[in-house]
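Enquirer: Protein chains in written order, with this note's numbering: chain A, 3 to 313; chain B, 3 to 313; chain C, 3 to 313.
If you are wondering where the hints come from, they were derived from the structure by calculation, not from laboratory data. Treat the hints with caution; some may be incorrect.
Far from chain C, by Cβ distances over 10 Å, these chain A residues were calculated [unchecked claim]:
no. : residue
1   : 45
2   : 79
3   : 94
4   : 171
5   : 218
6   : 225
7   : 298
8   : 299
Quick list of the computed label-pair ranges, beta carbon to beta carbon [stated by the list, open to error]:
no. : chain 1 : residue 1 : chain 2 : residue 2 : range
9   : A       : 16        : B       : 17        : 52 to 58 Å
10  : A       : 213       : B       : 90        : 56 to 62 Å
11  : C       : 244       : B       : 21        : 56 to 62 Å
It should be emphasised that the depicted structure is a prediction, and the values quoted were computed from it without experimental measurement. Backbone N, C-alpha and C define an ideal beta-carbon position, used for all residues, glycine too.
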Amino acid sequence: MTTTLYGKDILDVQSLTDDEVHLIMETAARYERVMKSGGRLLNMDGKTLATLFYEPSTRTRLSFETAMLRLGGTVLSVADAKTSSSSKKGETIYDTGKMIEGYADVAVIRHPETGSAAELAAGSSKPVINGGDGAGQHPTQALLDLYTIIKEKGKTEGLTVCLAGDLKNGRTVHSGAALLARMGVKFIFTAPEALAMPASITEGLKKSGVEVEINPDLDSAVAKSDVLYMTRIQKERFEDPEEYERLKTSYEVTNETVKKAKKGMIIMHPLPRVTEIAVEVDAYEGAAYFRQAANGVPVRMALLALVCGCE
Amino acid sequence: MTTTLYGKDILDVQSLTDDEVHLIMETAARYERVMKSGGRLLNMDGKTLATLFYEPSTRTRLSFETAMLRLGGTVLSVADAKTSSSSKKGETIYDTGKMIEGYADVAVIRHPETGSAAELAAGSSKPVINGGDGAGQHPTQALLDLYTIIKEKGKTEGLTVCLAGDLKNGRTVHSGAALLARMGVKFIFTAPEALAMPASITEGLKKSGVEVEINPDLDSAVAKSDVLYMTRIQKERFEDPEEYERLKTSYEVTNETVKKAKKGMIIMHPLPRVTEIAVEVDAYEGAAYFRQAANGVPVRMALLALVCGCE
Amino acid sequence: MTTTLYGKDILDVQSLTDDEVHLIMETAARYERVMKSGGRLLNMDGKTLATLFYEPSTRTRLSFETAMLRLGGTVLSVADAKTSSSSKKGETIYDTGKMIEGYADVAVIRHPETGSAAELAAGSSKPVINGGDGAGQHPTQALLDLYTIIKEKGKTEGLTVCLAGDLKNGRTVHSGAALLARMGVKFIFTAPEALAMPASITEGLKKSGVEVEINPDLDSAVAKSDVLYMTRIQKERFEDPEEYERLKTSYEVTNETVKKAKKGMIIMHPLPRVTEIAVEVDAYEGAAYFRQAANGVPVRMALLALVCGCE
Chain A
3 MTTTLYGKDI LDVQSLTDDE VHLIMETAAR YERVMKSGGR LLNMDGKTLA
53 TLFYEPSTRT RLSFETAMLR LGGTVLSVAD AKTSSSSKKG ETIYDTGKMI
103 EGYADVAVIR HPETGSAAEL AAGSSKPVIN GGDGAGQHPT QALLDLYTII
153 KEKGKTEGLT VCLAGDLKNG RTVHSGAALL ARMGVKFIFT APEALAMPAS
203 ITEGLKKSGV EVEINPDLDS AVAKSDVLYM TRIQKERFED PEEYERLKTS
253 YEVTNETVKK AKKGMIIMHP LPRVTEIAVE VDAYEGAAYF RQAANGVPVR
303 MALLALVCGC E
Chain B
3 MTTTLYGKDI LDVQSLTDDE VHLIMETAAR YERVMKSGGR LLNMDGKTLA
53 TLFYEPSTRT RLSFETAMLR LGGTVLSVAD AKTSSSSKKG ETIYDTGKMI
103 EGYADVAVIR HPETGSAAEL AAGSSKPVIN GGDGAGQHPT QALLDLYTII
153 KEKGKTEGLT VCLAGDLKNG RTVHSGAALL ARMGVKFIFT APEALAMPAS
203 ITEGLKKSGV EVEINPDLDS AVAKSDVLYM TRIQKERFED PEEYERLKTS
253 YEVTNETVKK AKKGMIIMHP LPRVTEIAVE VDAYEGAAYF RQAANGVPVR
303 MALLALVCGC E
Chain C
3 MTTTLYGKDI LDVQSLTDDE VHLIMETAAR YERVMKSGGR LLNMDGKTLA
53 TLFYEPSTRT RLSFETAMLR LGGTVLSVAD AKTSSSSKKG ETIYDTGKMI
103 EGYADVAVIR HPETGSAAEL AAGSSKPVIN GGDGAGQHPT QALLDLYTII
153 KEKGKTEGLT VCLAGDLKNG RTVHSGAALL ARMGVKFIFT APEALAMPAS
203 ITEGLKKSGV EVEINPDLDS AVAKSDVLYM TRIQKERFED PEEYERLKTS
253 YEVTNETVKK AKKGMIIMHP LPRVTEIAVE VDAYEGAAYF RQAANGVPVR
303 MALLALVCGC E
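Generate the whole structure from the sequences, applying the supplied hints.
Expert: Pasting the structure below:
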């Protein structure tokens, strides 16, 4: 049977088969080629995307909206769904799903609570894409991260990926680790003890045969990494402000860090960055974080087109 | 003379002749047929709708915006007009009308104050549609309600329509009753005494020959109704919280209510609902409220196209 | 060499050569002719504009967005960029530029701080247009003002332009004066002493050979002006509320003012107006302020198309 995502919700990376992931990667690459050659896609002419953002995330919202527009589709935008009248009057997310299926062909939801995307999908007969729900999943970020690694390094099999910074609270690294693990990478987890990757995730990876090294020292980690995936260390996670200052500095990528890195190592970051990657590093050819953000467009184009059967 | 709405403002239902109402109904039905058959409308290619929302109403805003997009038009969206710089600096709605006529071909306004839509229309030489102004009118809701009844029941003449819940404060039921009365329905008004339909409206209907029954008991009302139109009972309208709890329960539609209903009765609601219709009722084939919300799209398409002369 | 704006940022009027200004004027006039004749422009089909507004300015935002839509392009709208997650998390405007170049073909920024537009332009490889940055520049307002004068009076050379109201704080009049000075106008500066044009600007103009008259009396100023450019006098600029009331009245344009004016004088205003132009004046044929606002559309169409090479 041919792989298809037509009519499916994209709620988490676990529900995607390897074939489906490859289909998304190939479709994204195809769209990128068309755009680079100056071509004009009109696959989704006459279709409408609704973006329902219950917490602000300009980057994710714009990335989805530009993806829809570049396919010839149109957008209904709710940048501040939390203060909408329906939400204030006590409408359930399920009922919002019933509403939105009458207005749009596909919906993206961003919500602070885990499970919200699934609730919207339960209400809507049209496909729903999870744009990040609380501490839960952010599957499109995981997919664009995978796309970036494939594009920058040509493969994933056998690569060493160092996840660094706050591995405890970052849903990006949780979703991402689950997906990359299936693609044959080895991990180094580089975090202060207080922000270590949850044991359940680390143990789960090891049990399924994934190589994992715990190494809180960034300099020695980058020496053997093909990919450094940085995340923000947030001040509010710390009780002791001094500890924050100390750790913040030790997890700052500078030109010094780059000098110690394995040849060809790329640096990724879900953005926005604050101080964890110095601006001087932008000039390094392996600094892939802005290219990574731009990769969100073809990957989200692929998802929108595939779930609507317009690829 | 042929009926036309070209260049007209849609401020209230009273100003619409029966011929104009029928034209709107027929145009909406035609657009719905085209969309159902997979056709693509481009009537409003090159035209722009401005949605000016001085109070949030995501459902109404998205419904108008998707209507415009499905006609091939484009949208300028002001989801939070109240905090706009012009509004803060003291610009009158009249001047906003003078501005918006330079930017858009048609405008929709939602505003907490009665008369705002008329003021915008006075300023703008382009057509203005009232998307709800305070305790005043909400004509497009009344029109989509009428469209829903015609679509679900095949006619309006001779139907018994039970308006239930808060009939005192709901502009939806006030606009709606005025329009339905002209279409030959009989009414049952089912509300707690504190939230009864204003006497001026009830008397006005009776004087113009409309049959009206006042019956605060929901169960006996549904037994003879073809249409049950529910509205929300809002906690803040009550001084005594116990009375609120008691009434809230007696005006909750459940499967038990449906069992007592006249055969074929449909249930409508302007949405969002909170507790006044139990989720279990969604499975009832006469549960028309989500279909009603979706009907907002073809009706608003018809209005936009007709006032711009693009039908 | 042919004049071109392809790939350029529009940050201030000083950086535009006279040839570039004329190209913008001619392109705007051409687009206006096409629109007036009912033609449909699709120059920017497939291109996307991002509007990043860190302070509300509905008029400027809608004017740019409708300009883009009328060229067949699409829009990504951030009406409230200040509360966006990236901005809150401490992302620099430079990094926002790096992000936006991946999503859009051209960006407009409005920001309360001088220099923000230049910072965005430094980050983005795609063209950036300054939609007003703090006390700094508002070049597109200056250009649409110039366009209005040319359209209304047929020329600028030799005209007497009276800038009136708050000349101290208005970036509109600062940008505008710089541009008009190059186009051969004479100035009358009509302001209360507390709100006089900064001496640096007045002296600069005089040094470059521009004729400038300081005349705080509005009635005698209009008697010899071809253009009266009014601005708002803001209450919060005054320590003494009585002084505010006195000045507010003396700088109110009424039908009496119009009677004293030079024949054919036009009245302009960046809008929104509050009390500085009485509503009765709207009927005067020289009342050009609403036409001026509408002129923002063809001028911004010209700018968007020119910097993207789609003219």
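Enquirer: Hints first: check each against the structure and report whether it holds.
Expert: Here is how each hint holds up against the structure:
1. 45: Check passes; 13 Å lies beyond 10 Å.
2. 79: Given that some Cβ of chain C is not farther than 10 Å from that of residue 79 of chain A, nearest at about 7 Å, it is violated.
3. 94: It holds; residue 94 of chain A is separated from chain C by about 25 Å at its closest Cβ, greater than 10 Å.
4. 171: Its Cβ never comes within 10 Å of chain C, the nearest being 13 Å, so this holds.
5. 218: holds, 24 Å
6. 225: holds, 28 Å
7. 298: violated, 8 Å
8. 299: The claim breaks: residue 299 of chain A does not keep its Cβ more than 10 Å from every Cβ of chain C (closest is about 7 Å).
9. A:16 - B:17: 52 to 58 Å: holds, 56 Å
10. A:213 - B:90: 56 to 62 Å: Taking Cβ atoms as reference, residue 213 of chain A and residue 90 of chain B lie about 58 Å apart, which means the hint holds.
11. C:244 - B:21: 56 to 62 Å: holds, 59 Å
In this structure, the earlier hints numbered 2, 7, 8 are contradicted, and the remaining ones agree with it.
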